[in-house]
Amino acid sequence: MAGADIIVRAEGVRHAYGSDGGVTPVLHGVDLTIHRGEFVMIMGPSGCGKTTLLNILGLMMRPTGGRVEIDGQETSTLDESGRTALRRRQIGFVFQRFNLLPVLTAAQNVALALQLRGETADGQVDEVLRRVGLADKARRRPAALSMGEQQRVAIARAVVGRPRLLLADEPTGNLDSKNAAEVLDLLGELDRSHGLTIVMITHNEHLAERADRVLHMRDGRFEPA
Amino acid sequence: MLTLALAHLLHRRLRTALCVLAVAIGIAMLVVMLAISHGMLNEVADRVQSVDADLIVLPDNENVIFTAGAAFSGRVKPVIDAFSFEGRPVVGRTIGVMLDTLHLGGQQQRLFAVDRDDMPAFLAGRRVVQGRLFDEGRAFGRRVDALRNDQGYYDPASISEEELLPACELVIDTRLARVGGYTVGEWVTFLGRPFRIVGIVESGVAGRVFCPLPVLQHIKNGGAPWVSLFFVKVRPPPPGSAWAAATRGAEYEEAVAEAMSQTLKAKVEPKSGYRRLMYEGFAQIYLYINLASGLALAVCFIIILLTMYTLVVERTREIGILKSLGAGRGQLVGQVVLEAVLICGVGTAVGLGLAVGAKFAIESWRPLLTLSIEPSFVGWATAIGVAGGGLSALYPGFRAARLDPVAALAVE
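First to last, the sequence lines map onto chains A and B.
Here the numbering used here is used: position 196 in the first sequence is 182, and no number is missing along the way.
Positions in the second sequence are counted from 1; adding 52 to them yields the numbering used here.
Keep in mind the hints are simulated off the structure, nothing from the lab.
Each hint should be verified, as a subset may be incorrect.
Claimed, not checked - Simulated DEER-style distance windows between Cβ atoms:
(1) A:G15 to B:R65: 45 to 55 Å
(2) A:Q59 to B:R454: 22 to 32 Å
(3) A:M133 to B:H63: 13 to 23 Å
(4) A:P88 to B:R454: 21 to 31 Å
(5) B:A59 to A:G8: 38 to 48 Å
(6) A:L64 to B:H63: 13 to 23 Å
(7) A:M133 to B:A59: 40 to 50 Å
(8) A:R(-5) to B:R65: 48 to 58 Å
(9) B:R454 to A:E113: 30 to 40 Å
(10) A:G(-2) to B:R454: 47 to 57 Å
(11) A:D112 to B:H63: 18 to 28 Å
(12) A:M133 to B:L58: 19 to 29 Å
To be verified - Coverage of chain B stretches by chain A, computed from C-beta distances (three or more under 8 Å per stretch; other residues unrestricted):
(13) 334 to 347
(14) 402 to 416
Note that the coordinates shown come from a computational prediction; the quantities given were computed from them, not determined experimentally.
Glycine included, each C-beta is placed from N, C-alpha and C at the ideal position.
Same shape as in the complex, but just chain B (with noise of 0.2 Å):
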């Protein structure tokens, strides 16, 4: 029955084109809108745990992907390094980050606000393919350390424009570098303010823009060494005991990201975690993806149901010869459902064409965006594609085997 559906597919080609091409678009759209979202965390979680630490700790309830301003006070940083796990301490180095966002690149970008002495743990062996870091030798932070009081804070106004104008520096990634055309020594607007473009760092790191941690503190916080989140080193645990083995890592993490949390009342999560993360502060956006895209495929396969209908009508006659010679209610059926998962199936095809070309297309436009196809993508787009169209075609189907036979031949 491979022939006769194959000879009907091809008998009337534009048809079956575009009945192919409907399908192609709903696949294509929902694996391009899945590429999309799935690409940008995936390589925004990349960059993160590329980070020299083990864990991460945010405010309670904060929303990973949008966590912005300074919610952490300077008390936080001294319990972090003073914890204690299983009457050990446990924090080879604690990270505090200023996160904000600056317009680069026709697009907004995350700002990590970092100290000059922490920079190696976010290059984590990358290298400044073109000028330096900023604030050399941590000359504006020593600056500032040295106006600080016992709390930890100082009178903003011991600054003056001119000590501040120098160290409002940023380093860049290559890839926004190639995206933007920026250069080292060029000036960019931020805050109000110039800031100059000192470095360019090999892409990869946890964020695009990196810029003095102290500058950004005296800029937007007056000064208060306030952070957005900490980067945590673990030292690793003591050789011989149980968490030492080579299996149990990631649970030694977690074990000491659970007890941490309780301590300080915040979210601490292992670093591993982050991508989890990301996704959990996605769902509603996923929501929204799985939502257009199904409203998508339901259109494409109410297209092949009205196509499938249209062709037991047109071939009533031939429903009727196919009875005269044999044909069973499930071969009339199959018959049916065959033609319209042909369709379906060369439609997720092309669709899965489509969106590879998609993608080049779009990262080709916009430089910035990375777009993932995962295999599980393309499991996903063929079942969806072959089994949404077996259904769409099942009532005409079953309208073709309910048929009478020789009312069937009668028709002209």
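Just chain A, same shape as in the assembly (with noise of 0.2 Å):
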């Protein structure tokens, strides 16, 4: 893509779990390199290694091996509180399972996300709500909203803060398809009018011509294209 920054680099990344008692390799040096503003969707079958994939990616797990940039930012040489502090500022994450608090409404979901990285929230909850269509149901529980409802919460909370990349685990797995279709449009939305980038993981092929590029996965490793 044409004067487009590098957000994420990922180079030989590897990554096994397990201790002395037994170690299973899941990743087995993996290159990839995202743009600014593009929307990459990574498919591949159960236990290929996409969501450990995407937990390196958002620096929630440290990889076995390799180096992960994230906007420039070697993460490698990184602490703890660095590593929190940079996902706080330029990550957003959506969740298959939404993971929205249930004891806070819909609007003090998404407020939370700007109380972690110390701002006020002034008008910024009421603006995203209103981008995702629900600023009507601000004051309600999760419980109180439907499945698509909760996902465009979890959107919402997730990109209230603007950061730079917003990693997607299985976002529609658990919706119909019709919710499905409308969170992927949010998702492209924001793309497009945000220059957000976008990574997400995916089952569903026919989910595969929303994204500028789509990556498979197996076994740990990408698919030549």
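Could you fit the two chains together into a complex? Lean on the hints.
Here's what the structure looks like:
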């Protein structure tokens, strides 16, 4: 993409689970470059390492080998607080199970992301809920929202702080086709209008047309294009 | 993060209420125990300090609270009367008092046996609201004085029971009269003898019960002129002297007391130091109070610790969510501590309210007890409640901060 920044650069990323009693390698030297504003889908069978890669890109997990750069920042040299701070500023997460806090309202869930950054909500929460079409349901708790609405609140929470990178782990996995389409429409609009870089994991081949680029993963490696 | 903390506390109202109650009970227990001990001591100290005197003379190493019997012989008073400080007689008046106890108003009362002529110093302007003072005209006192030899002794058999009985009189204060329903003319038993209540005075005087000193000396000492302690009125320092400066009054009394103590080989304290003497006398009781209160509070804070630990375990997934949102270790520890501080803050406020309620209840049930909830108690209770809660939550907080976010998110 002409003149585009590189938001994610992963080189030779390896990861294995386990300890001295037994080690299970999951990623076998993954290389990945994602430019600003790209919408990248990663597909593959269960257990191929997609979620592990996403967690590594989201700095929730340290790879056992290789290096990862997020927005030009080399992450292997960062300590725990540095990784947390980078994740807080630059990365938003959307999960398959929504992961909203049930004791908070929709607005409070979204505001939480700002509070963790030390920012006051001002009008940002209302604005982002309006953008995801839930301005009239800001005071409802997750239990009073449909699954599609809950996922939209989760997306609002992930983007309210204007991160550079949005990581979505099977965001449509628990949704029916109508809601899944709405969520993908929303993600696509965020990508286009804000230049948000999105990396999304999915099983669903039908969604591939929404992405700028689709990567297939198998046995801890990307398959050649 | 306050929003999240409040949301959690309100989400589990019963658990929150029980935690608040646990803290409240611990705080209330601490404050009430301190209020009872301080109230009692301060009330007694205030009453004793109302005596029109400047010094208190006690036997050396004697505990002012538990002083009883008569340790000072008749030879001591003349020595006090003649005492000089910096070459100048300083004693204006010496009042001998014999202390005893009797059961009135449902509890043991301190009895002050005082000579009739010395009663105005104890009343210090307070009124006799009913009846009169005892030993009218000092009749029994003069009868005994006429019998004494040069050493102050007499043969107790010289006084018949018929002479003694009318002299067996008591004066009580209004508070005791109200609690016990006593009236002037009523008879009570003391030392196996009938004593008649002849007068009721305004409360606030040194003792709740007074009787004639010669009568108690006759009954308990066989007439020997021994007393338990002395109150001493000191003459003002000479005008123009260094001691006469307005700011040095207390220093003058302390200096006279120190000098008199050396002479008498007794404990001599300014009356202003009586409160300190009482607190010293109660030092072991305070130790017990502090230990008992400390244990109660320790139990409360252990409950808080266990509750917060349980919360962290229950909210493992939520902690993973917060970490995925970028919550740092400090923020997670702070979140747990904040919830505990909120619980303990509310618990402390409820506990203080319970303590105030208990004060009124106890004073209604036992009108002779005075509970004093001092501002410092409120401050200490708040500090202990809040700090204790925060410290209790540190371990669970650090546990939460150390959770692996990916593993935490995987928890159902």
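Hints and how they fare:
no. : hint                          : verdict
1   : A:G15 to B:R65: 45 to 55 Å    : holds (53 Å)
2   : A:Q59 to B:R454: 22 to 32 Å   : holds (24 Å)
3   : A:M133 to B:H63: 13 to 23 Å   : holds (22 Å)
4   : A:P88 to B:R454: 21 to 31 Å   : holds (24 Å)
5   : B:A59 to A:G8: 38 to 48 Å     : holds (42 Å)
6   : A:L64 to B:H63: 13 to 23 Å    : violated (35 Å)
7   : A:M133 to B:A59: 40 to 50 Å   : violated (22 Å)
8   : A:R(-5) to B:R65: 48 to 58 Å  : holds (50 Å)
9   : B:R454 to A:E113: 30 to 40 Å  : holds (36 Å)
10  : A:G(-2) to B:R454: 47 to 57 Å : violated (29 Å)
11  : A:D112 to B:H63: 18 to 28 Å   : holds (24 Å)
12  : A:M133 to B:L58: 19 to 29 Å   : holds (27 Å)
13  : 334 to 347                    : violated (count 0)
14  : 402 to 416                    : violated (count 0)
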